[in-house]
Amino acid sequence: MRATVLVRPKSGILDPQGEAVRTALDHLGFAARDARVGRVIDLEFSGRSEHEARRELERMCEQLLANPLIETYEIEVRP
Amino acid sequence: MIRPMPERRPRIAVVVFPGSNDERDAAWALGALGADAELVWHADEELPEVEGVLLPGGFSYGDYLRCGAIARFAPIMAKIRRFAEDGGPVLGICNGFQILCEAGFLPGVLRPNASLAFVCRDVRIRVERTDVRITGRCTEGQVLTIPVKCGEGAWYADDLLVARLEAAGQILFRYEGDNPTGAVGDVAGVCNAEGNVVGLMPHPEHAVDPLLGSADGGLLLAGLVDAALARLLVSV
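Read top to bottom, the protein sequences are chains A and B.
Under this note's numbering, the first residue of the first sequence is numbered 1, with each subsequent residue one higher.
Under this note's numbering, the first residue of the second sequence is numbered 1001, with each subsequent residue one higher.
Please note that a few of the clues may not be correct.
FRET-style restraints, in silico, Cβ to Cβ [as the list claims (entries may be wrong)]:
{"id": "1", "chain 1": "A", "residue 1": "Glu44", "chain 2": "B", "residue 2": "Val1234", "range": "48 to 54 Å"}
{"id": "2", "chain 1": "A", "residue 1": "His27", "chain 2": "B", "residue 2": "Leu1211", "range": "40 to 46 Å"}
{"id": "3", "chain 1": "B", "residue 1": "Leu1211", "chain 2": "A", "residue 2": "Arg2", "range": "56 to 62 Å"}
{"id": "4", "chain 1": "B", "residue 1": "Arg1121", "chain 2": "A", "residue 2": "Phe30", "range": "31 to 37 Å"}
Hint data in this document are derived by calculation from the structure and do not stem from the laboratory.
Keep in mind it's a predicted model, so treat the numbers as computed, not measured.
Virtual Cβ for every residue (Gly too), placed ideally from N, Cα, C.
Chain B with its partners taken away, still in its complex shape (with noise of 0.2 Å):
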């Protein structure tokens, strides 16, 4: 079988608002895993192209009036909407995984952790479903080793809501024993119906070389490379 080459490598764009702050460890895994990341200012009214989006952890506009509601409004966010509705996938990480929800492109909201502490340490999630792209690297009910760090992490939706995701297979990961954040339904990960829109509070991009304690999250972020990879080779 001959398999088709990409005349380049799948470019993917790492969005960064003003207080965003994991866009740079976001480019540098994401240029390991065999993908070039674009850094892509809020305010552009185009997204160049790309085969991929990634919303990067942070505190964008402050994480005034709730975190990710402000963001939403950026100019950028209209192409991405359209980028994510043509199927294009998209992966938010903690405030891009707010960003997402407030946003309506992911069911659900990020509220304090029940604690009220800033929580920064490594946490295990479990993978829940792999058919879609950006967990078809791991194993169904494989957990992985990854950090979180955010004071507003609880993922909320009441009862109904998260029995109607349950049943649609949207929950992607859930907290393996220490839920950190007080998430309803342990829920550390979402993705949208179609599968393509993905958002986490865990931080791969933190956890992509053994030396920073665990290389799982390189998992998630080759699975996005995967995703762009795809949409480069049908756009050719």
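For reference, chain A alone in the conformation it holds in the complex (with noise of 0.2 Å):
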């Protein structure tokens, strides 16, 4: 079974990376009115079924994967 979790800064935090990719793309004349960067993560399970995965994996974000004071995630679970 494979996962995917999205780590984002949470909407209305200054993010300085994002900021930087947007007045890059702004140099290369692509408009793009806000960017924001987050954080992709891939994991591989075995045998569990989606269900305990998925509550495994709101586990791993809570205590590593994100920091709730400035982020929020998005779970995506696949066979």
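Could you fit the two chains together into a complex? Lean on the hints.
Put into structure tokens, the structure is as follows:
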């Protein structure tokens, strides 16, 4: 079983990386009004039900993969 | 009045993670200020008999994921948590501050500098409170000159948390004038509710001699030595 965790900076929080990316896009002539930079974590499990995996992923996110003060996360599980 | 004399100098553990790089400056400074510093490896299961703990600057575990996020799982951290819960003085500097925040010893989190640039220069910080031991050698409102050197030093907490910390007196240091990182509320350092755990971004261990441009950092490290000495005197 595979899973992908998407971690994003919370909305409203200054994201200097995103701002740098937006400025660079601007220099290239692309007109992006806003850019936010997050993180993708691909994981592989063995022998768990989707429900069980999802519960475990939630705990991973709370304890390590994301910092709830500044980040939100989304979990995607694939067989 | 007869003051009790300890049989030895207070001992302070300086914890070394893979990627720490300020442990020797910190150990040297503590030695010069009257403590015996002991370098302790992150993978050690036990904390030696010490009366203080210092988490130095650097790039523990390559700053992977988020600064300090991995270091908090080091075996030694469980023992440091117990030490802190027992009232033992703990000081985190720069990466050490990031680790203490990620591990939940201290409130808030450190984010990339608003400028996205690595900042390395002397800054001025104002001491907001002097009734915790680590700032006990300072006067209230005293402005210290101490260098910062960090890429991810912008302390962040949401408005609600900042208000709560201000009310509780947990904002210990603020940048004076120039805020080098874009930290919320110009916060340069905070402490826990009990005041025995302190973290700050600037590096007091790099400012302990006028030859280095400032000796102001010595005041804070001497405060840590004072706290360790007080613990040693209680324990004998």
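Consistency of the hints with the structure:
1. Glu44/A to Val1234/B: 48 to 54 Å: 51 Å, holds
2. His27/A to Leu1211/B: 40 to 46 Å: Given about 44 Å between the Cβ atoms, the range holds.
3. Leu1211/B to Arg2/A: 56 to 62 Å: Roughly 57 Å apart at Cβ, these two residues keep to the hinted range, so it holds.
4. Arg1121/B to Phe30/A: 31 to 37 Å: 34 Å, holds
When each numbered hint is compared with the structure, no violation occurs for any of them.
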